[in-house]
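Undergrad: The whole structure should be built from the sequences, with the hints applied where relevant.
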Amino acid sequence: MWHLHNWMRYSHPIEKHMIDIIKRNKQFFFTIVSFLFVSCNSSSYLNEKKGPNIIWLVAEDLGPYIPSFGDSTVSTPNLDRLAREGVCYTNVYSVSGVCAPSRSAIATGMYPSSIGAHHMRTLSQQPAAKEKGISYKTGVFPWSASGKAIAVGKPEGKTKILFDPDTNIILGGGIVGANAGDLISEIVLAIEMGADAIDLALSIHPHPTFSETAANAAEMYLGTITDLYVPRKK
127 MWHLHNWMRY SHPIEKHMID IIKRNKQFFF TIVSFLFVSC NSSSYLNEKK GPNIIWLVAE
187 DLGPYIPSFG DSTVSTPNLD RLAREGVCYT NVYSVSGVCA PSRSAIATGM YPSSIGAHHM
247 RTLSQQPAAK EKGISYKTGV FPWSASGKAI AVGKPEGKTK ILFDPDTNII LGGGIVGANA
307 GDLISEIVLA IEMGADAIDL ALSIHPHPTF SETAANAAEM YLGTITDLYV PRKK
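Just so you know, we're using our numbering here: the sequence shown kicks off at 127 and counts up by one.
Simulated from the structure, these hints should not be mistaken for laboratory data.
Treat the hints with care, as some may be off.
[Unchecked claim] Distance ranges between label pairs, derived from CB positions:
1) Gly279 - Thr350: 22 to 32 Å
2) Ser240 - His333: 35 to 45 Å
3) Gly235 - Thr350: 41 to 51 Å
4) Glu282 - Ile324: 44 to 54 Å
5) Tyr215 - His331: 32 to 42 Å
6) Glu282 - Met236: 15 to 25 Å
7) Gly349 - Thr199: 34 to 44 Å
Computed from a prediction, not measured in an experiment: that's the story for all the values here.
Don't be surprised by glycine CBs; every beta carbon is placed ideally from N, CA and C.
TA: What follows is the structure in structure tokens.
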């Protein structure tokens, strides 16, 4: 404190009074100074380390059918604003057409099946069926032949169903396209009820609808489809 006493001899009376206060409360004073020093350094550190502000929005079973991707079917002003202020990736697609596997694929850039994320599947999907020695045949109906899909401008999709070739019973299925998450329920119910290809093909479906593509897939398997030319099943 020698320098402090030396300075006090020549300082103004008010300054001398302030020095006396500091001397009496020097522990409190140095605590405040230390706090301010640390606070300033922390603020500087946070500002230097601040990263980009990232918002990741994932829509289930939707596809790029919003204005920010060039479609005018619906109005999404808030998403449009975020798109204008940020970056839109127009070539980001997943190899899996369902929610959780597609999210894992986009987040990691890897095939869902390679990282154990492809859990939303039946045991009768083709790779699993082959591994387990399950015999099957498929019925696939492309949405490019669906009146509904063509009418609403969403022909990119298909409905695929796996059948037991001996009994025609439905083993599994998959749908890729608009509203696929809603449409898959019919195939799930058919599996649960033990329905076969004929049950599904002869069930009356409204026309034109996306739901009738399930019946169309059964007809593709049976060879009775009239929407496309397919050799009749022998």
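Undergrad: Which hints, by number, does the structure contradict?
TA: 4
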